[in-house]
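There are 2 protein chains.
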Amino acid sequence: MNYIFNLLIKFNSKHSALLFLSLLLLCSACQNTPTVNSLKVNTQEELNEAIANAIPGDEIILANGVWKDIQIQFSGTGTKESPIILKAETKGQVFIEGISNLKFGGEHLVVDGLYFKNGYTPTNAVIEFRVDSKNIASNCRVTNCVIEGFNQPKRDRGDLWVQFWGRHNQLDNCYLAGKTNRGPTVRIDLKGNESVYNYHKIINNHFGPRAPKGGPSAETIQLGDSGTSMSPSYTLVANNLFEACNGEVEVISSKSNFNEFKSNVFYKCEGSLVTRHGSYCKIDGNYFIGDANNENIGGIRLINTGHWVTNNYFYNLKGKSFRSPLAVMNGIPKSPLNRYLQVTDIVVAYNTYINCTSPWQFGVGVNIDQKDVLPASEIRSARPVRSTVANNLIYNEKGANNIIIEHDKADGVLFKNNIINNQGVDFVNDKNLLVSDFQLTKVSDDIFVPSEISVDTEPFIGFEFETISKDLFGNSRTNSKVVGAVSKTDNVVNPNILDKSKYGPDWFSNVIEAKEPETHIVAKVSDIQITINEARSGDIIALLAGIYKVNTPLVINKTITIQSQGDGKAHINFLGESNTPLFELNPGGKLIVKGLALKGNNTNNAFASLKENMSDHFGLSVLECDISDFNYVLKAYKESFAERITFKNTSISNCANGLELSEETNDKGDYNTEYLTVDNCNFTNVKANVIDYYRGGYDESTIGGNLLVTNSTFTDCGAKESNKILLNHRGIINVNLVGNTFKNNAVNLVSLLWGAKNNIHSNNTLLNSGEIKTEQNLKLKLMY
Amino acid sequence: MNYIFNLLIKFNSKHSALLFLSLLLLCSACQNTPTVNSLKVNTQEELNEAIANAIPGDEIILANGVWKDIQIQFSGTGTKESPIILKAETKGQVFIEGISNLKFGGEHLVVDGLYFKNGYTPTNAVIEFRVDSKNIASNCRVTNCVIEGFNQPKRDRGDLWVQFWGRHNQLDNCYLAGKTNRGPTVRIDLKGNESVYNYHKIINNHFGPRAPKGGPSAETIQLGDSGTSMSPSYTLVANNLFEACNGEVEVISSKSNFNEFKSNVFYKCEGSLVTRHGSYCKIDGNYFIGDANNENIGGIRLINTGHWVTNNYFYNLKGKSFRSPLAVMNGIPKSPLNRYLQVTDIVVAYNTYINCTSPWQFGVGVNIDQKDVLPASEIRSARPVRSTVANNLIYNEKGANNIIIEHDKADGVLFKNNIINNQGVDFVNDKNLLVSDFQLTKVSDDIFVPSEISVDTEPFIGFEFETISKDLFGNSRTNSKVVGAVSKTDNVVNPNILDKSKYGPDWFSNVIEAKEPETHIVAKVSDIQITINEARSGDIIALLAGIYKVNTPLVINKTITIQSQGDGKAHINFLGESNTPLFELNPGGKLIVKGLALKGNNTNNAFASLKENMSDHFGLSVLECDISDFNYVLKAYKESFAERITFKNTSISNCANGLELSEETNDKGDYNTEYLTVDNCNFTNVKANVIDYYRGGYDESTIGGNLLVTNSTFTDCGAKESNKILLNHRGIINVNLVGNTFKNNAVNLVSLLWGAKNNIHSNNTLLNSGEIKTEQNLKLKLMY
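For the record, the sequence lines run as chains A and B.
Note that this note's numbering has the first sequence beginning at 1, numbered continuously upward.
Note that this note's numbering has the second sequence beginning at 1, numbered continuously upward.
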């Protein structure tokens, strides 16, 4: 009947108002069992027509298969009871590929079951909740979809995967992973009255791994921006799994007001949930799980006013300062809109910190000592005030000496009834932590709850603390004196937070079955590329001993190991053109070379990224190799990025240039690799760019770039280095030089370390090689 | 029964829970007719005891009479149904005087009928809605009270008359007038979570005249401050009469979010309702009434985001720029917290502007041309964006050429369906104003509504415009196509907005019956002071012709005219000590001298304020006088202030110093008189400080200081002026020199005008007197 009804409306609406009303009355009688008008479409034209004609209750079915280079403009007006639905014929079998996107315009529209991959958006967003500024979506929904690796060819070409506008829109049960280019994965926009008080929901999603971008603007979710940070948002982010969302220091960057973050799981994410701009957020009942080792995994970082952090569970987090389990920042007095407002009126109550060593850090970001190199409007000297930290629980399986780190004094914070088991180890306790020897009960691998706590105090009842009525698991706090996230000490049910079937689409899993790598033995040069092409990602190419003369670059676009087979060594002599690489690292190409001798013709290169269109990251490990006679050993071009580049037990000699990762010169905080590691290598007669690794721009929220050089020797290097620095790592935040020997290098400095950051050195021997110098405050270009 | 019940609770509560419950049940049966336990108190001790013992439903009666030097700490816990009331025995007959104040601590407390006068608070506020930071009031109320002239002795000693903290507190039906010292009359404070989401109400009050303070910090109501401008306030300011609230440029300074200003009357207030910080305010159905002449009377000035200005009525306003009927400011990009955020997402709809000439001014405060003298963080270059001005009505009885003034381009504003009757006069119309020849119907002296409007357009329906469902008078807009504040064109009922009985206490009126001044004829010197003391304010002292030798200063503490009686001239020779004045202007002393000859001994002064404790303003008019042989003609001491100082038709000769108003050197925007007028006067041989009038500090919101010098001659003056400027008016915003003659004055400059401000000159003759120079951008100390 509904079908007839729809047809009648379509064709007769102008002429038969009476009939319309009659049918409406008829229909209202049957509204409990609404039927649906389904229409399958096979082409863009059919889709456009179906959308143009759709009425409430219609279902448009996208036929299974690949939809390539399709821009879907989903405009229409559904109703709450009868939305218009655009869905996959079979969930997960409709692939949106190529240069494609999806825009919503209208009300009560649902998109269900699409899979975005192998492509990128021609516009600012893959999915956008508006057509244009006059056609903005409300009450629209994306559900059960996947967006995977849908990256712009260029890292600097920013985009978003899901851009919210309007009000009451929803992203649920989706899986999003693998964004490499600039821009948050999901962003809420609040420009315009149509998009404030938005009450959007981001729920039940699985945010899969996002590798470090190597610079800012790689949040998983950003809510607003500083320019709209005065606006009320009321977005709810709940019940999502964030897994290895490592894009940058902010997994979630809340930049608007009244947002709520509830019951999310942050699993080994190298970043934090940050209230960057805007105030009055609720952060309740979330899990922050670390690995007891990685200092990049963060918790919650607070800026601004009136946030409530309650019932959260922090486990095995070792982050410090910006990445602390709880980082409370200093603000800038009368801060510019886009910088750091003072923390005021926050409440941190009933949270549990297990094995987080020094979970609370205050005055984070204080930089009064840099007032000579920074303008006054950059100096974070305003300490938190009018704030309360109460009824929290801390357990350290290994006692620590400092539980609360005060980068600046926490004298504006009231500490009440916080209980700690520090295993009897003495610690600085001027904030009245109550010591108890309570024990833990294991609920799951990552979840522990306290057994009975033997402290004879009542929970502190601050202003409106009665609103913290439930605990992490939703149990009532009434009559419970138990502090921390969990109000009960017995009969605690495992919340199964890592059961991935609870998040994302029901038809998709990112769990990859482990498989043994296959070894492909190669004996002649012409087989190398063929074998690489045929191998599966993760496989091994084993070269029999001998000399391989390679004329054109070997293309690496998957994870592959190339090594010598047996005891003999394979020698690869590269005869390719000047400035071409022996190994051309393509997007997604992660190369391990092991036990090879690589030799160039003095004009070509050993390893290089593509010169452009590095839409995915590369990776490189060089182990036990001999490398000689190249122009560049490694050349990373602009907008290329590798999470890790490692040289180990390798000798490099007679090259014009060494490891070159210094093309990100726009000083916007970008760099070419997260970790550059050189261990037990010998550099001999490398004339310039021995190591050249650059990050530019003053940006306190890029905390990256890691250079580790250990147990290596550098001899007769740097003779042609114009800047007279052997290891040139300007702007890299973390540098550590240990146990190296520098001999007869014709430079002024082996290294210029940045004292204010994490740049250190120890046990190095310098012979006729200049010196290692530390400059406390490096002058860099201001980014903001 | 209630009395017995109270006693039982007081004396037996610990012992008779059962009895208590029984009585409670009994009482619940009679709750519709609650009786009240009244207790009259006569002393502070009795009051304190009564407060300490008060229970819900109690009424504490303050005995009639003067309560001097009393600090009332009204703590207690009433209930919504049964508040604790502190009231006057007879409303208006209980006077709080001396060093006194009132603090609330607790809930559901009411203060009713008190009269604060003749005193000042020893603390920061006369009435404060908290005892201290741990004892904050909620649901408390001040009603039916008067605070009048309750000023600190020193203008720079800041205080508040009513300071709100907590939530749900109320100031209603009160009269507040005559504040002269630093500080807003009423302020809402939002520091601390207890004081946000406050939903305070300021309703049905009469804010009587507040004279200009001569510098900033003299708002009538301030809601929050920049430091808490991110906080939700939700204060309601409704149905108040603001009468000549001239303290400074901001009558109301909204510095928090979500405040509502509804149905208030701003009657000839020299200032504006300003959304200074914070966003999302509603300004609906207010009246802004000017006098068709005074350019200081303002309207609404907008800064920040998301404000809605609807159904307001603007009449006879001639303010410009900051004081425009509608001033939409430019912001500072990435503004510091305490400066100017960009205007975005505002809606100005359904307002009426009658005889406001150029009612809409955009880009107000643009100062790009001052970028050489100001830091970048002071440059207001960000124009309004994403804003709508629609369905407004403009009527100019005299057509104007510029209706919309664009100080900077209004290119981010959408103009829709605004209708104007400009009497057929051509005007710049690039914003599509719709011209109509509609006529007006008079509803009252200040209220006019349009007759039928002959424009064939529909009202513009912007986003959420359906929420503007009622008009200025509360009539439904449904089915009305009439734009402007009033949706009907016939049968409009006079709203009687100036019926003062609708505002403030029922027992009080500030209407003063006009009375004829009485003339007191005085013949001998010893009678002068006696007669002044006995005269009523406004009277005339008429001196018979002759010479009066005065030995000690004449004290002026009321409005008094001293003049010669008849045709002969009275000569006053002042023989007083050096640096004492002939006329000592005390607080509230407003002196007119007319037709007198005043002569000093070269060491004493003609006119001076008190050196300190000028708790009220003074005033001075000198007409047709001869003044000679004084040290200072006029000496205004620091923290003294006169609204007007006028010299007319007067000769001043042989004085060491002239008019000296330059002690406000702390550069916080203060100055000593609002209007200094010199007309048709002769200055001869005045050696220094001929006119010395100073305002310091860069503060765009102090728009004051007015120096008008016309048709006067200055001869042989300035010889001992160290700065070599004859008329020294550094920092004064409005200066006009017209038709004067300067002859043989030994100075470099007659005047150094401030080109960027309102400093002008015309038709002056300079003979051997240096020059008049204009400096475009004066360098002043930054105040913020």
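These aren't lab readings, by the way, just hints derived from the structure by calculation.
Treat the hints with care, as some may be off.
Taking lysine-lysine and the DSS-like style, the derived pairs with C-alpha atoms no more than 25 Å apart in a straight line are [as the list claims (entries may be wrong)]:
id, chain 1, residue 1, chain 2, residue 2
1, A, 334, B, 781
2, A, 779, B, 334
3, A, 68, A, 191
4, B, 268, B, 318
5, A, 282, A, 558
6, A, 334, B, 668
7, A, 371, A, 68
8, A, 134, B, 80
9, A, 781, B, 334
10, B, 431, A, 431
11, B, 268, A, 371
12, B, 268, B, 201
13, B, 334, B, 416
14, B, 431, A, 371
15, A, 191, B, 318
16, A, 80, A, 154
Quiz item: Which numbered hints does this structure break?
Solution: Those not satisfied are hints 3, 5, 7, 8, 10, 11, 13, 14, 15, 16.
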